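Taking the hints into account, I'd like the entire structure generated from these sequences.
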Amino acid sequence: MFRTLFIQTWSWWAGGLGIGLTALGLAWFTGKKLGVTGGFVDACSLIAKESPKGGWKFYFILGLPLGGALATAGHWNWTFLFGQLDALTMGSFLGKFIWLFVGGLFVGYGARWAGGCVSGNSIMGISLGSKMSIVVTVAFLTAGILTAHLIFKLFGVA
Amino acid sequence: MALRKPINSIKKTSRKASTIKRSLPEGAVNPWFMGGFGLLFGFFLSKSQATDFDAMQDMFRLKSVQLWGVIGMAIFIVALGLLIFQWTKKPTLSGKALDWKPLQFHPERILGALVFGVGWALSGACPGTALTQIGEGKLMAIATVGGILAGVWLYRKYPQVEENDEQVC
Numbered sequence: 001m002f003r004t005l006f007i008q009t010w011s012w013w014a015g016g017l018g019i020g021l022t023a024l025g026l027a028w029f030t031g032k033k034l035g036v037t038g039g040f041v042d043a044c045s046l047i048a049k050e051s052p053k054g055g056w057k058f059y060f061i062l063g064l065p066l067g068g069a070l071a072t073a074g075h076w077n078w079t080f081l082f083g084q085l086d087a088l089t090m091g092s093f094l095g096k097f098i099w100l101f102v103g104g105l106f107v108g109y110g111a112r113w114a115g116g117c118v119s120g121n122s123i124m125g126i127s128l129g130s131k132m133s134i135v136v137t138v139a140f141l142t143a144g145i146l147t148a149h150l151i152f153k154l155f156g157v158a
Numbered sequence: 001m002a003l004r005k006p007i008n009s010i011k012k013t014s015r016k017a018s019t020i021k022r023s024l025p026e027g028a029v030n031p032w033f034m035g036g037f038g039l040l041f042g043f044f045l046s047k048s049q050a051t052d053f054d055a056m057q058d059m060f061r062l063k064s065v066q067l068w069g070v071i072g073m074a075i076f077i078v079a080l081g082l083l084i085f086q087w088t089k090k091p092t093l094s095g096k097a098l099d100w101k102p103l104q105f106h107p108e109r110i111l112g113a114l115v116f117g118v119g120w121a122l123s124g125a126c127p128g129t130a131l132t133q134i135g136e137g138k139l140m141a142i143a144t145v146g147g148i149l150a151g152v153w154l155y156r157k158y159p160q161v162e163e164n165d166e167q168v169c
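Going line by line, the protein sequences match chains Y and W.
If you're matching positions, the first sequence starts at 1 in the working numbering and goes up one per residue.
If you're matching positions, the second sequence starts at 1 in the working numbering and goes up one per residue.
Rather than coming from a laboratory, the hints here were simulated on the basis of the structure.
Capping the alpha-carbon separation at 16 Å, the derived lysine to aspartate or glutamate pairs in EDC-like fashion look like this:
# : chain 1 : residue 1 : chain 2 : residue 2
1 : W       : Lys157    : Y       : Glu50
2 : Y       : Lys53     : W       : Asp99
3 : Y       : Lys96     : W       : Asp54
4 : Y       : Lys96     : Y       : Asp86
The model shown is predicted, which means the values in this text are computed figures rather than measured ones.
Okay, structure coming up:
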């Protein structure tokens with residue numbers, strides 16, 4: 001039980017079930033739509049000293065790191081390693097930092113432009129049968145598949 | 001003088017907290033409750049391996065079914081649950097309808113989605129998993145989160161789609 005909760009990762013159906021039930025619980029208890037990008041929008045509003053539009057989303061995203069810490073509590077350790085990205089950038093700290101920052105920049109700008117990220121568009125939007133969300137999700141995945149194949153070809157990492 | 005300093009600093013922090021509270025819209029939900037849902041979401045993202053750069057690349061490179069299954073399962077569960085809520089004629093605990101509508105159709109959003117997809121593959125993270133990664137101790141994700149904040153900030157300055165529907169994820 002301890003290993004399952006605080007160390008090991010789960011198979012796809014258990015993880016997806018948990019994510020789905022969390023989103024459903026949020027909808028049932030509060031009537032709100034799960035969405036992470038809105039939290040970043042609220043954070044920007046707070047930085048600009050304006051009142052945030054959603055408000056609650058800012059508190060929601062504050063919980064995310066805590067969840068990550070809890071899920072890995074049994075073997076928690078801080079690290080600057082980042083999986084295969086170390087091979088892709090030949091272990092350069094600055095290279096990794098710029099790589100991830102640029103990736104994040106695309107993610108942030110694109111998520112707002114697309115009207116939401118994976119949680120808002122793909123999970124909640126498709127569940128409601130929104131045509132826009134289905135098209136957006138197909139575009140997310142197409143661009144992701146092409147980019148990932150290109151990266152690993154260009155940088156010669158198998 | 002020595003006494004005054006800590007009192008001032010306490011005042012400052014409490015003022016900050018109250019501005020955040022005051023700037024919340026009316027009827028806002030309990031911060032701890034919403035933070036709890038965030039915690040659960042982060043926990044399950046982590047358990048799903050969605051916070052693993054390599055797992056994300058394996059999804060995009062079609063090497064593993066793990067994250068395809070996670071996304072598919074989540075959509076299935078939410079769709080099924082929302083249908084059941086509708087059948088029971090009680091879509092939420094309070095009995096009110098859900099607080100959101102489906103996204104309106106703007107073809108320009110496809111371009112934004114392509115930009116997002118490129119970033120998703122580059123960083124191996126979406127906004128939710130990047131924050132969760134920091135909690136897992138993967139400190140490089142601070143760069144990703146910084147980038148996302150910068151991107152969202154940029155969109156404030158240069159928006160692309162008219163937001164007449166206020167339901168933005």
